[in-house]
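What follows is each chain in one-letter form.
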Amino acid sequence: MSPIFRLLIRRLGISLIVLIGVSMLIFAIARIIPGDPARIALGPNATVQQIAKLRAEMHLDEPLLVQYGYFLADVIQGDLGTSLYTNRPVTLDIAQFLPATIELVLLAGVIMVGLGLPLGIVAARYRGRWPDHLVRVFALLTVSAPSFVWAVILMLLFAFYLPLFPIAGRISDIYEIDRATGFLTVDTLLAGNIAAFGNVVSHLILPAVALALSGIGQAARLTRANMVETYQKPYIEMAQAFGFYPSRIARIFALKPSLIPSLTVIGLDFAAMMGNAFLVEAVFAWPGLSRYGVAVILRKDLNAIMGTVLIIALTFLIVNIIVDLMIAFLNPRIRYSTRTGT
Amino acid sequence: MIRNALLTATLTAATALSSPAFSETVLRLDEVAVGELDPAKASDYADSILMFNVYDTLVLPQQGGPGHVPHLASAWSADGSTYTFVLRDGVTFQSGNPLRAEDVVYSLERNQALGAGLSYLFGGVSAEAVGESTVKFTLDSAYAPFVASLVRLPIVDKALVEANKGDDEWGEAFLSANGAGSGAYTVSSHNPQEETVMAKNNAYFLGVAEAAPDKVRLRYGLEAATVRTLIAQGEHDISSQWLPPEVMKALADDGAQLLTESGTGAFYFKMNTTKAPLDDVNCRLALASAFDYATAIQMIAITDDVSAGSPSTGAIPMGMFGANGSEMVQAQDLDKARAYLDACKYNLADFDIEVSWIAEVPLEERFALLMQSNFTQLGIKSHIKKLPWALFAEQVSKPENTPHISQLFVNAVTGDPDTLLYGMYHSSTPGTWQSPEYLSDAEVDAHLEAGRTGANDAARETAYASLNARLMAIAPTIYGFDRQSVFAASNRVSVPALSDPSMAFGLDGMGFSFRLMEMVE
Numbered sequence: 001m002s003p004i005f006r007l008l009i010r011r012l013g014i015s016l017i018v019l020i021g022v023s024m025l026i027f028a029i030a031r032i033i034p035g036d037p038a039r040i041a042l043g044p045n046a047t048v049q050q051i052a053k054l055r056a057e058m059h060l061d062e063p064l065l066v067q068y069g070y071f072l073a074d075v076i077q078g079d080l081g082t083s084l085y086t087n088r089p090v091t092l093d094i095a096q097f098l099p100a101t102i103e104l105v106l107l108a109g110v111i112m113v114g115l116g117l118p119l120g121i122v123a124a125r126y127r128g129r130w131p132d133h134l135v136r137v138f139a140l141l142t143v144s145a146p147s148f149v150w151a152v153i154l155m156l157l158f159a160f161y162l163p164l165f166p167i168a169g170r171i172s173d174i175y176e177i178d179r180a181t182g183f184l185t186v187d188t189l190l191a192g193n194i195a196a197f198g199n200v201v202s203h204l205i206l207p208a209v210a211l212a213l214s215g216i217g218q219a220a221r222l223t224r225a226n227m228v229e230t231y232q233k234p235y236i237e238m239a240q241a242f243g244f245y246p247s248r249i250a251r252i253f254a255l256k257p258s259l260i261p262s263l264t265v266i267g268l269d270f271a272a273m274m275g276n277a278f279l280v281e282a283v284f285a286w287p288g289l290s291r292y293g294v295a296v297i298l299r300k301d302l303n304a305i306m307g308t309v310l311i312i313a314l315t316f317l318i319v320n321i322i323v324d325l326m327i328a329f330l331n332p333r334i335r336y337s338t339r340t341g342t
Numbered sequence: 001m002i003r004n005a006l007l008t009a010t011l012t013a014a015t016a017l018s019s020p021a022f023s024e025t026v027l028r029l030d031e032v033a034v035g036e037l038d039p040a041k042a043s044d045y046a047d048s049i050l051m052f053n054v055y056d057t058l059v060l061p062q063q064g065g066p067g068h069v070p071h072l073a074s075a076w077s078a079d080g081s082t083y084t085f086v087l088r089d090g091v092t093f094q095s096g097n098p099l100r101a102e103d104v105v106y107s108l109e110r111n112q113a114l115g116a117g118l119s120y121l122f123g124g125v126s127a128e129a130v131g132e133s134t135v136k137f138t139l140d141s142a143y144a145p146f147v148a149s150l151v152r153l154p155i156v157d158k159a160l161v162e163a164n165k166g167d168d169e170w171g172e173a174f175l176s177a178n179g180a181g182s183g184a185y186t187v188s189s190h191n192p193q194e195e196t197v198m199a200k201n202n203a204y205f206l207g208v209a210e211a212a213p214d215k216v217r218l219r220y221g222l223e224a225a226t227v228r229t230l231i232a233q234g235e236h237d238i239s240s241q242w243l244p245p246e247v248m249k250a251l252a253d254d255g256a257q258l259l260t261e262s263g264t265g266a267f268y269f270k271m272n273t274t275k276a277p278l279d280d281v282n283c284r285l286a287l288a289s290a291f292d293y294a295t296a297i298q299m300i301a302i303t304d305d306v307s308a309g310s311p312s313t314g315a316i317p318m319g320m321f322g323a324n325g326s327e328m329v330q331a332q333d334l335d336k337a338r339a340y341l342d343a344c345k346y347n348l349a350d351f352d353i354e355v356s357w358i359a360e361v362p363l364e365e366r367f368a369l370l371m372q373s374n375f376t377q378l379g380i381k382s383h384i385k386k387l388p389w390a391l392f393a394e395q396v397s398k399p400e401n402t403p404h405i406s407q408l409f410v411n412a413v414t415g416d417p418d419t420l421l422y423g424m425y426h427s428s429t430p431g432t433w434q435s436p437e438y439l440s441d442a443e444v445d446a447h448l449e450a451g452r453t454g455a456n457d458a459a460r461e462t463a464y465a466s467l468n469a470r471l472m473a474i475a476p477t478i479y480g481f482d483r484q485s486v487f488a489a490s491n492r493v494s495v496p497a498l499s500d501p502s503m504a505f506g507l508d509g510m511g512f513s514f515r516l517m518e519m520v521e
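These protein sequence lines map, in sequence, to chains A and B. Residue 224 in the working numbering sits at position 224 of the first sequence; the count goes up by one each step and never skips. Residue 74 in the working numbering sits at position 74 of the second sequence; the count goes up by one each step and never skips.
This is chain B alone, in the form it adopts within the complex:
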């Protein structure tokens, strides 16, 4: 009896001691890939979530519309290929060090020296500190989207990295495990196999709302079944976008909310323009007209109201410079397809079109089957080929090895159409995963250059609208649908940037700025 009482008392005391002293709000979310903490190496979605919360950038995308607003910078001016940014006063890093112009210069140089992640955005850019709080960027050549690309240049605490770098010139080991930013959240722990834990930075220069989560656990590599069970049991808050649509639907049926992020990319069926019969524009137009766009949209629907994509209106997703209006929604037209077939110099009955899909994205197999069925309606033979990503990336480096049709999701990494379209269609960038079309078209090149160097937004809008028209006319790609990322979430959390279009950033991952979220309970 006494022994039992003692045991109970011990257990009770131990439980009390191990419980937190105050009630803190914890946000739990997951991503499939492991998040890379080093901002110079960040490239995918999980990396972006970490980067946008632990670090700050000079500018931020305007919420709910185009353009950018000052963030760490208080103002900027442009003069040809020179951009001058004045830093906001009184900003400090999480370490307490003041944020100065030399930190901006260091961040750019570190990014360029490591040559990883999205460093290619800053090729031909140099920076110079003009005093403590002014930094001047000089570009080798005019690049209109430069300000947009700064959303991918997080500012690193130079003094902290220098103090912890050891023999490692750029402190890679230190920054792979620790944060050195000024962001609204600090890194508490980082276990690449399990999770990154972040805590609210109460000294953040913009302040952090009371209702924002006190702690965030970004979990990695959870299975769909596990996420489903965790959310249902109230032990998880936001799923990754990679949850199968059936699981998303089941969660939505159970009362979960569906968050969305759109306007940053699209799903494309890319045609190898160097391989017969797709080197003939009429053959390509025939296939583009034969594709059943409406069924493709139905295949990605999650509920009656929410889908992982919206109908495509052309090469450029709606919301970006040069996008077509909704009256241009793509639709299957078999009569038109037959007319194009008649005009094609090849007899397509003599060919067997290879439609590939990426093994890691099972959804693409369904699209391949749909495409095969559409082509059969025109009497065109095709076969489906499953390619693991690694093999696909290797095969597309040579046009003769590149399949007739490749399926890809492509995003604008800065939100600007240049980072979506230049890599796909400019003749100087063939043979990458983005450009299995191997397109070489002088008019397309000219429009892309004009978009890159346009003096103002109106000029760029005109350049991209012309580009869109040209790409529709020569059809190197079947423009499947505009992508919308969908996340299932518990009702414990409110995420305006992913649920209210007027608060959306138009940049992948930025909707996950935890400081703008509210924990409801």
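This is chain A alone, in the form it adopts within the complex:
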């Protein structure tokens, strides 16, 4: 069995255990926090009898372990229950809202990596000079303000004062697109509607940039710091002594080892965006899973909370596995260490 495959099997096993642990933890926490879900779901005009009836339907009057048993039995059959927030199956809600968030997070991730890494490389390559100072100021600025602040600033600048981008939603009202996959970039292309595709992309840009900005700063700072450290290693000095071009030294000798810690953090940042996107989604009225997650938590919608948290946890685990595999690919020491189980 190849080392990479062995690593993958091991990570999948650990992920399954983590997922079960997360489900137990969230199941318990969601039920312990104050507030009766049935009362919240039925609204202020519900009678005591209506509340009691819903509590019985939701098994809320049974012990926690029995409730967890019902939950597991349903999950095994692919049933996450009905959301009290939308009155629809949670699986349907997730299927509808997840593509919007994935589309947003993917573009934000591409922007984060596409800008963050090059900026870090440039800063390290020209350390102590003006490009380095410029990148460091930019990175500090983006890291120190949260995404929702950037969301409001970007909306004000590029939608209100300078109306270049749309303010809300995923696509303009004039386009009627069949949502076959839920990914509107894909759906518009499948429909062969280039104008609609352009419209979808224009809707994506501001929220994606707002979401990516702090990650860009983080990636740039980390890459710079790692590369600066690598530049002080003797083999770099040797490469310089051999007269290699600075660009070649940066690309081949300094970047690869520096990427490993950066990749781990970028991977975590990328997965965290799934959960952190809610404020950006709220500002841009983006109908995604993060916003849905916050709405269901505020309404103590137990089934929907479980469904959303499990999906976000799953995303974390998948991204972590991908990052682990990439690191193993980049670093043979890690790859081969799995043979001995260390």
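Please note: incorrect hints may appear among the correct ones.
[Claimed, not checked] Listed below are several chain B residues computed to face chain A (Cβ distance under 10 Å; list not exhaustive):
1. L37
2. G117
3. V125
4. E194
5. K215
6. R219
7. L222
8. H236
9. G431
[Claimed, not checked] Some residues of chain B that are not near chain A, with every Cβ distance over 12 Å (derived):
10. Q62
11. N164
12. G207
13. V208
14. A211
15. Q233
16. S310
17. T313
18. A343
19. K345
20. E360
21. L363
22. I384
23. W389
24. G423
25. A446
None of these hints come from the bench; they were simulated from the model. All residues carry an ideal CB built from backbone N, CA and C; glycine is no exception.
Go by the hints and put chain B onto chain A.
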């Protein structure tokens, strides 16, 4: 060059193909909560907007005054606890099915069976189809506001639901995503996280004006900053009432119109009458006299002319049966408050009054601070407690856990004072979010029963006027102000039911009947 020309041509063609073939008018509005499409589960504002446009009811509130007028019914008669309604001829559902008496019976039974939303209004009511177009309701006991409560019984297309219900006895899944009514607007799509899109029903039995919007987009959960920007950019038409007053004012300053809806409810400071020192009527009257009503009104003013409330004249909002005249406007009177304090059996200096506010309504924190400052003028200690709604609703189920003072907006869900007052003050309904007073007063109960069973409007008016006087005398509540919902709107739309008092319905959400709106552009 050729490649650029081809690209330009492709883009132009694609744009042309994707644009609508004709110019349709689109109304865009928003609500904070997700709208519930199933009419049997409808309870809040967004649900009401959907319900009143997709479905019809047997009667409608009289515009600009009290009482009700026939709508799906052509006439009705009452005989004790029996009400007989004759249906209008030739009404069809959006599906094309004819609307018959059995649909009315089905709608009531479905409502009662699901037991959600406002179904409690129809407890003890049974219905029977007497022929195709006559329906007879029988009530277990006399209930004068029955006709008023019918504005909350939308009529559902039984045949359509039966055909689409699958294994689901009452077609809940179908009706949560689709319309099955006879209303002036049909449901085009419903995405709970994003919006419900509705289109004009040109076959509506009353017809729909040409100028009414062709399409309506009811958006959900927009942030205040987003609504502000959208309206300013001409991409949104009517805001929800939950926009902060500062944002409303900014929009009004930019030229937006302010629409209003009033006469359906009030803002109350409810005192726990079971907890010392508020179990003493003089202590309660002291606090009621100490409250600065005029400043509270200033705090909710949006512009010089428009406010989110008007001065309270008592327990019943102006415009409802039993309301006091404008000469009874509440005002702070510290001398009177001191006199009541002297008569109170407790020394209030020994107590620390707990003033709660609902975490989801930041405005209430300001009222709590105002109240604290007013009480300090009398030397009364108090502390402020922030309670999330869920926790508040749980705490008030026991009198010992209920704060001394709770702040609440309460509305009459049918427009009738019974649905405002009975749940708040009758001794049989303590411990709900509406009744943290835990009031138990035989005289109040008697007046409430008289209001419920009054033979005619005059008798009910007398019962509620007496109730109002009694509630003022025993002060279980500080009657803060009569509520007025305010909505910021672009000038693209004209909404007579929310701008002209003679066209107002006096029922929450009914002013948003899209068929009565006009798109100006």
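Hint check:
1. L37: Hint on B:L37: holds, closest Cβ of chain A at ~8 Å, below 10 Å.
2. G117: Where the cut-off is 10 Å and the nearest Cβ of chain A is about 8 Å from B:G117, the hint holds.
3. V125: With Cβ-Cβ at 15 Å, over 10 Å, it is violated.
4. E194: Holds - the Cβ of B:E194 comes within 10 Å of chain A, reaching about 4 Å at its closest.
5. K215: Holds, about 8 Å.
6. R219: With a minimum Cβ separation of about 7 Å from chain A (threshold 10 Å), the hint on B:R219 holds.
7. L222: At 5 Å from the nearest chain A Cβ, B:L222 passes the 10 Å test, so the hint holds.
8. H236: 8 Å, holds
9. G431: 9 Å, holds
10. Q62: Label holds. Min Cβ-Cβ 24 Å, cutoff 12 Å.
11. N164: Non-interface label on B:N164 holds, nearest chain A Cβ at 15 Å vs cutoff 12 Å.
12. G207: With a cut-off of 12 Å, B:G207 remains clear of chain A, as the shortest Cβ separation is near 26 Å.
13. V208: 20 Å, holds
14. A211: B:A211 clear of chain A: closest Cβ-Cβ about 20 Å, beyond 12 Å.
15. Q233: Since the minimum Cβ distance to chain A is about 7 Å, B:Q233 lies within 12 Å and the statement is violated.
16. S310: Consistent with the label, B:S310 stays out of reach of chain A, its closest Cβ about 23 Å off (over 12 Å).
17. T313: 25 Å, holds
18. A343: Given a closest Cβ separation of 35 Å, the condition holds.
19. K345: 34 Å, holds
20. E360: At roughly 8 Å from the nearest Cβ of chain A, B:E360 sits no farther out than 12 Å, so the non-interface label is violated.
21. L363: 17 Å, holds
22. I384: Answer for B:I384: holds, closest chain A Cβ roughly 19 Å.
23. W389: 7 Å, violated
24. G423: 8 Å, violated
25. A446: The claim holds: B:A446 sits with its nearest Cβ about 23 Å from chain A, beyond 12 Å.
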